[in-house]
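Here the protein sequences line up with chains A and B, keeping their order. Read in order, the letters of the first sequence are residues 9 to 609 in the numbering used here. Read in order, the letters of the second sequence are residues 9 to 609 in the numbering used here.
Keep in mind the hints are simulated off the structure, nothing from the lab. Source: prediction; values computed, not measured. You can trust all of the hints, since none of them are fake.
With a straight-line cut-off of 20 Å between C-alpha atoms, the simulated EDC-like cross-links for lysine to aspartate or glutamate are: (1) B:Lys207 with A:Glu591; (2) A:Lys376 with A:Asp335; (3) B:Lys136 with A:Glu533.
Every beta carbon over 12 Å from chain A, so not counted as near; a handful from chain B, in silico: (4) Gly61; (5) Ser107; (6) Glu150; (7) Ile295; (8) Ala309; (9) Phe320; (10) Gly408; (11) Leu419; (12) Trp444; (13) Lys485; (14) Asn498; (15) Glu499; (16) Leu521.
Ideal Cβ positions, reconstructed from N, Cα and C, are used throughout, including at glycine.
2 protein chains.
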Amino acid sequence: SVQGQAGWGSEQPGLVEDFNSFVTRTNTCGELRSAHVGQKVTLYGWVQYQRQGLFLVLRDFQGLTQIIIPQDEAHSHVKELLSNAPVESVVRVTGIVSSRPLGQENPKMPTGDIEVKAETAEILNSCKKLPFEIKDFIKKSEALRMQYRYLDLRSFRLQSNLRLRSQMVMRMREYLCNLHGFVDVETPTLFKRTPGGAKEFLVPSREAGKFYSLPQSPQQFKQLLMVGGLDRYFQVARCYRDEGSRPDRQPEFTQIDIEMSFVDRAGIQRLIEGLLQHSWPEERALIMTPFPSMTYEEALAEYGTDKPDTRFGMKIMDIGDVLRGSDIHFVQNALSYPHGSIKAICIPQGVVSDEIMQIICRPDGRLKSLLTKFLGEKEQSELIRALNMQEDDVVLLAAGEHKQCSALGALRLFSASLLEAAGLALRDPTAFHFLWVVDFPLFLPKAKNPTELESAHHPFTAPHPSDASLLYSDPTKVRSQHYDLVLNGNEVGGGSIRIHSAEQQRFVLEKVLKEDSEVLSHLIEALEFGAPPHGGIALGLDRLISLIVDAPSIRDVIAFPKSFRGRDLMGSAPDYVTPEELEPYHIQVSWPLEEKEAKKN
Amino acid sequence: SVQGQAGWGSEQPGLVEDFNSFVTRTNTCGELRSAHVGQKVTLYGWVQYQRQGLFLVLRDFQGLTQIIIPQDEAHSHVKELLSNAPVESVVRVTGIVSSRPLGQENPKMPTGDIEVKAETAEILNSCKKLPFEIKDFIKKSEALRMQYRYLDLRSFRLQSNLRLRSQMVMRMREYLCNLHGFVDVETPTLFKRTPGGAKEFLVPSREAGKFYSLPQSPQQFKQLLMVGGLDRYFQVARCYRDEGSRPDRQPEFTQIDIEMSFVDRAGIQRLIEGLLQHSWPEERALIMTPFPSMTYEEALAEYGTDKPDTRFGMKIMDIGDVLRGSDIHFVQNALSYPHGSIKAICIPQGVVSDEIMQIICRPDGRLKSLLTKFLGEKEQSELIRALNMQEDDVVLLAAGEHKQCSALGALRLFSASLLEAAGLALRDPTAFHFLWVVDFPLFLPKAKNPTELESAHHPFTAPHPSDASLLYSDPTKVRSQHYDLVLNGNEVGGGSIRIHSAEQQRFVLEKVLKEDSEVLSHLIEALEFGAPPHGGIALGLDRLISLIVDAPSIRDVIAFPKSFRGRDLMGSAPDYVTPEELEPYHIQVSWPLEEKEAKKN
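Bound-form chain A, shown alone (with noise of 0.2 Å):
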């Protein structure tokens, strides 16, 4: 049952929730306790099972509750309704709690010291026969679930994510609101499109050829609302992003939109940490604040990854300078390039799991690898304790060009997989590593065409004070005031100090991403008019719940998500509609020729 949220939600010490108020029940299912015994209740739940007509367990979102069914004459009615009731018919019971028998109490059940005796019954609504047992709907396949998802919903883990998740973002408001002074706005989300804004579905319109666009986040409404003097806005707000088929992504999600004027980055850090903390579960893991803090280039060079995994060393190594006097060819090949390195990770006991290897270090302190021909003595045992090797660890070595090692990150994620589907216990499952990745690139190479530059935030990003006059010198060298918060090795939120002078935003605009500034001319000039200096974040909240509930996929805490096709598969959305339908939008289907062949035949 759902007993973790009793006491939650509220800052009022003593204030728990009216479950009862307003319907004619006196409790819910999970809520009767020996104090209870002897007053007459009336519960509505699901029926969860039924036993040779003498028992039933009554389920609501609280808990389950026994039913006792009478067997006198007088009841005889009570008897035949409650044992013919299907499995998950809606009944409402009226009777007596009484304590259980001496020894048939359930200590493992919240109200297994009572039974409620049933004087009275209806069944509300009869539930014909499952496509399949409720119990072991997780082990069905996603797509059923999903077609069913009004049965999936009454799982206790989903009615405990979606409680759980409501309950945080209402902590998350009275901290911003009640305790900071931010104000919740909402901002439009039928716009228009942005540049680059490709990913951005299209609504069309009344006016011919006119088509409005579902932002991916109200990144322009929120810099417009400082502007517009006010001063601290939040907003838990949906977006939109249209990537095709990708796992794990969601067409529609929801982001805690923050902003604040006459901030600085360490002003945001504090924020969030005080408001991850202030609505952080209680039956999780305590928080620490401040969360630590890396530069990008320190997460690049020593995780191989902007979104380092913290919860665990395997640290990338430069042993380069070990190896320098080595004579093996591709280590002599990378060392000189002007970037070249050799890196390696040590896996702690890698030696457990066969799939990778390369250095095996043996117990008796000697080295067991193809390399170790080319290795003397020396190089041996200063590369056993630049990397601190134990017995039966394993190296992985990576040499190359680039100072980033993105392969030994991913290598250092996998190897930590196997490490532990081998059981060995590497990473804490109830930990909570959170961490700032700061000073970013304001601009990074394009990945088709890395002579021009794209922007590694998005364009409003500001950038590094120490930095700003490089802008105009050599971008490709300037920092930015761009942060990202990870947990556990994932992406949950982002943001920026923002520019705040016309003049530097066309600049980086025009000159620096060759973009056509026009379509942005709006908040361009909203900067001429006295824009006070702002930034802000956003944090993924679905991707955090899911963290924080330790859910395999974030439509484990989303009520009705899409599938990877991006498909509701309960009500069948996206569908199609008739010609008629779409004339008010001035549109017609392109279909592809070959379903225009099939339709002529």
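Following the hints, position chain B against chain A.
Frame of chain A, contents of chain B only:
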């Protein structure tokens, strides 16, 4: 300034929001008092005005503070900087709080006892010449104000409206979530067309010919949540309705969306009364609960509308019996029909507005009207008695065949406006009269084809328990369990107890409404798998807040509203997109013929 909010927005006595956390300002511009004299403070704000290099007034969301510009040589740069800062520039000022010289205090200003002697200052963003003076902004055209919305947002009016909205919604959340165990669940906005969903925006998907639709409300989802055992759901839900050009409607709007299991109409009514009382702004007139209630039939008979403004009398009276003996042709004609009747409203002091009049009560108690020659002494005095006419009152008559009298209903409101324009105090502008309207018919004849029926509310509304059997014999006679909440003559909410039987739901859709139930098959099937009895309501948040703050339009309580034509005048949405951008969605624009021709030439 925005003093109204101090001490607001939290349950905890003594708790005040900290507006200065996470930033380097020490105080807001509305905060300093005599108690602060001698303190060194740092303020950030906008230059409200500046006078002759002597002082300036700095403004933020909280208020105004007078800054004294230093005149001594040592601070000449500060003087130069502040004397030359254009109005609406953003400025940081550090200085010492001082008492104003005796006699120069400004009791109208909360900070009017003090001033800040500037020591250092910085222009953070200079404001270019404004296209208009901000203080006169409200007099400008609405189109201009919407184009420069970020300037309009700096007005006291919009700051105050948006903050009140945020805080009222926060209090609603506390009531629902913390006090009554409701779960805040987000539901999808990318769904599929519902039957009769002609007003739903479409969103093309990447599957050729398939479209999502932006739902008008989370109706289906909230019912499915009840089937899923969520028990108590709420959401501050973004909804969409494409109505083309309609004044004071927005293509996207917000509703407080609520659903409960095991509840009846009275339960929902008590919940909403408690919700509004709990969240009602302290500085507005108190509201009393329970709210009065009226049947749909009474409302139409007495007010000629289903959303009566009950702040004043002037009810519609049936005077058929008084005039039955008269010789007036149209009266006799009307009374000869089956539902024929003579209705009247008596406008107190109606003579002050001479635009409409029919029967005037003279000081001597005699009636002045074109009709008096047809009325005997007895009929005249009976009329005066029946309508309780006083000197200078005016009576409007309507004769016709219908039970409802929407013409008199409209005249009643129109007369009230005329009387108030003429200076008569008819409606207390600070009073809030809530009213429940209940017992609506379940079905109404379609306007276009009166032999067919449509749902008065929506097809999921349950019949009134007393009329349930009539559903199968004479559906036109069935009253529903639909209820509307009316505030000062405006519909601010509506809801119903829902059908929770699949058989009944199928009958209503297929047999009564003759709709294709296939598109709702997932919902109907859900009702066969243990659906609890349930009901709910939705409050129109934009309308509710605009009535509370007495704003002429819902655009005054929305940060970035759209124009009449559904356009965003600041960012110019909707906008043209390229054919390439449409390609992934398999659609093309069907240009109207004239535009096609124009393009050719």
